[in-house]
Amino acid sequence: MRLAVAAFLVLALVPSGWAQLAISGAWEPTLQLLPVLGLQRTDLTLTATIAHLTAKSESTFRQDGLRYQSLYLAGRLGECDLEGKIYFHAREARYRRAWANLETAVSDGVLHISARHWSSSGEYTSSDKDKFGAWPCANAIPWHEAWQHIGRTLYIEGPVVGYDWSGPLKLYLGRSPPDPERFEVYISASNVLKFEEAFGPRFWEGLVGKIVCVRGTIKDARYTAPPAHSVPQVALSSASDLAVGSCCGLRPAMTCPGPIVLWYKALDRVGETVFVQGPVVSVTLATGYRRLRLGGGATVPNRLEVYIPEEYVPLFQTRFGDAFPGNTRNRTVCVRGLVGTGLPAPDGVARIVLIDPEDLRIEPCCEAALHAGGLFIGRIRLAWSPWTFTVDLSDCGTGLGFLQATAALKGYPLCCGLRLDLALTFSKCRALDALDLTLGGLSLGCCGLTAEVGIAVARDAKVVTVTPRWPRISGCFTVYGDLVWTGSSFAGISLYGWGVSCALKGVKLRLVTALDPDAVEDMTDITFYADEFEYLGVTYRGGGCSGGTVESSLEFWWGAKGSLFGLQRVRLKLTVPLGGGIEFKANGQWNFAKADPVQWFDVGLEIPF
1 MRLAVAAFLV
11 LALVPSGWAQ
21 LAISGAWEPT
31 LQLLPVLGLQ
41 RTDLTLTATI
51 AHLTAKSEST
61 FRQDGLRYQS
71 LYLAGRLGEC
81 DLEGKIYFHA
91 REARYRRAWA
101 NLETAVSDGV
111 LHISARHWSS
121 SGEYTSSDKD
131 KFGAWPCANA
141 IPWHEAWQHI
151 GRTLYIEGPV
161 VGYDWSGPLK
171 LYLGRSPPDP
181 ERFEVYISAS
191 NVLKFEEAFG
201 PRFWEGLVGK
211 IVCVRGTIKD
221 ARYTAPPAHS
231 VPQVALSSAS
241 DLAVGSCCGL
251 RPAMTCPGPI
261 VLWYKALDRV
271 GETVFVQGPV
281 VSVTLATGYR
291 RLRLGGGATV
301 PNRLEVYIPE
311 EYVPLFQTRF
321 GDAFPGNTRN
331 RTVCVRGLVG
341 TGLPAPDGVA
351 RIVLIDPEDL
361 RIEPCCEAAL
371 HAGGLFIGRI
381 RLAWSPWTFT
391 VDLSDCGTGL
401 GFLQATAALK
411 GYPLCCGLRL
421 DLALTFSKCR
431 ALDALDLTLG
441 GLSLGCCGLT
451 AEVGIAVARD
461 AKVVTVTPRW
471 PRISGCFTVY
481 GDLVWTGSSF
491 AGISLYGWGV
501 SCALKGVKLR
511 LVTALDPDAV
521 EDMTDITFYA
531 DEFEYLGVTY
541 RGGGCSGGTV
551 ESSLEFWWGA
561 KGSLFGLQRV
571 RLKLTVPLGG
581 GIEFKANGQW
591 NFAKADPVQW
601 FDVGLEIPF
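Last residue of the sequence shown: 609 (our numbering), numbering continuous.
Be aware that a few hints might be false.
In silico lysine-lysine, BS3-like type, Cα no more than 25 Å apart, as pairs [to be verified]:
(1) 170 x 131
(2) 131 x 194
(3) 561 x 594
(4) 462 x 194
(5) 505 x 129
(6) 129 x 170
(7) 194 x 508
(8) 561 x 573
(9) 508 x 594
(10) 210 x 170
(11) 505 x 573
(12) 129 x 561
With beta-carbon atoms standing in for the labels, derived distance ranges [unchecked claim]:
(13) 178 x 592: 33 to 41 Å
(14) 217 x 115: 49 to 57 Å
(15) 189 x 330: 19 to 27 Å
Don't read these hints as lab results, they were simulated from the structure. The beta carbon of each residue, even a glycine, is placed where N, CA and C say it ideally should be.
Given only the sequences and the hints, what does the whole structure look like? Please build it.
Okay, structure coming up:
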């Protein structure tokens, strides 16, 4: 971090000389008044300007000291405009993310080149997702490889070939029962309603024949009725962990020993030295040996029993800890050895005798090189009126490759005063990923009223927007929904909600009704808490009495757990100039669904110097 700060200062100060240096800044203390009085945060901004170059340092202090630090640089180099910013977590002494932009004129157009880097998926924000799509470095595998990743949290994709709804809901991917080589998605009976709210009643019927992507921790689900077996399974509790379509991500590199046999097939390999994988269901500390049972108990005839002679146990405890072998219970293990039958195992039961700790792993047999690092995205955009072309390239540490591209047409004139906006987005993962179309200048036949009609089609949602316009006031009516298909047949329209907004001078009014709050939340910048379904926002921006600009925002949410007239939550933001460049700020939130409705109320000042 010191090296980055030093490099930043050199770049900022050396090129133009000290004679033209101008330094300014702002101090912004914020005091929390409710629910507990205390200093909430302090922000300090320092700005240095040298000729055409501006350098800025932004520091955020909390009660534990300096928390966040960012450095910004902007200026002009020849015919190019440059700017960039780097972010650090000072308390944890780590780099977070960075971006840099370059823009220059090219003939009658503008060329924009940007580079962005994130240290981890935790730094990838919702605005990044809106711009570049879902995190492209997610670890994703096909369904038939899931058994190699027991205990790992991954994205898994595959075709839904069947389901079972006898209490809990199970979706079968790839193959159906009784085939043991299937993959299962498990949703408890208590969670099915949440998924129906997100995907529609009996949504599982419409998923048959479609590819889905699920995210979760893969476990061994055992079935002990003959023929006993286990299958890889993911249990879902959140609808956000299930999506229709392929998973977009990286396939982890695998290193597997061979051959590998699953526990329920060990009896078929008697006399062979193989690797066997399975869940440990019981551990026995008997005289003369320790026994691990894989797959099932005494009533499961095709189980595997692993024996470790007592004199070799200290070797295993040196490698796996003093809790061995108890720490293997309910864990998936991989053992290597000669499969046999006979004592000390019961007749007809497969056994392996281990004397070398190298022949045991308390994890799946296959090692996976999971991606846990950062992401780089380079963007090239060429704007040449009326066209704009954008190409994004990404690198997850495996090499630079194509991510997505967009071709956009803006304000193309048609007949009768109509104009067309059109944008097509293609991605590496899904080919045609999005279509946005807006037709403007539609005459409503009276008083100079016109309208714009917009249609946005994405992979998981369709949004229709109607925007009436009048010389002094503008408004917008938006419908949020999706098309419903049963197989290849159109089954109707799923309506998620609608919104109305209008603006008059400095005042903007926005009303959104959500029939499906989760879906509407994904399509807008509005966050709905549990049981909320209606939103009203009023914002104002105008001149202040002491100069400067007054900005205010008052937001209301109504819901099933609201108090007066169903009002459930209120949020306030206010900025008022006091003169001399000083601004007063206040923000707060009240949630009337809580026993103590005051969640926060802060006041602060921004003092320039």
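Keeping to a limit of 25 Å between CA atoms, is the pair of residue 505 and residue 129 held or broken?
violated (32 Å)
Take the C-alpha atoms of residue 131 and residue 194, compute the straight-line distance between them, and say whether it is at most 25 Å.
violated (28 Å)
Hinted pair, alpha-carbon criterion (25 Å max): residue 170, residue 131. Please report holds or violated.
This hinted pair is violated, its Cα atoms lying about 35 Å apart.
CA of residue 561 to CA of residue 594, is that 25 Å or under?
Roughly 9 Å between the alpha carbons, so the hint for residue 561 and residue 594 holds.
Given the hint that residue 129 pairs with residue 561, does the C-alpha gap stay at or below 25 Å?
With a Cα-Cα distance of about 31 Å, the restraint between residue 129 and residue 561 is violated, given a limit of 25 Å.
For residue 505 and residue 573, compute the direct alpha-carbon distance and say whether it is at most 25 Å.
holds (19 Å)
Mind checking the alpha carbons of residue 210 and residue 170 for me, to see if they're no more than 25 Å apart?
holds (15 Å)
Hint check: residue 508 vs residue 594, CA-CA at most 25 Å. Holds or violated?
violated (29 Å)
Has the hinted range 49 to 57 Å been met by the Cβ atoms of residue 217 and residue 115?
violated (34 Å)
Do the alpha carbons of residue 194 and residue 508 lie within 25 Å of each other, as the hint requires?
violated (34 Å)
Is the Cα-Cα distance between residue 462 and residue 194 25 Å or less?
holds (21 Å)
Compare the distance between the alpha carbons of residue 129 and residue 170 with 25 Å, and conclude whether the hinted pair is satisfied.
Violated, because 30 Å separates the two Cα atoms, which is more than 25 Å.
Checked against the numbered hints above, the structure violates hints 1, 2, 5, 6, 7, 9, 12, 13, 14; every other hint is satisfied.
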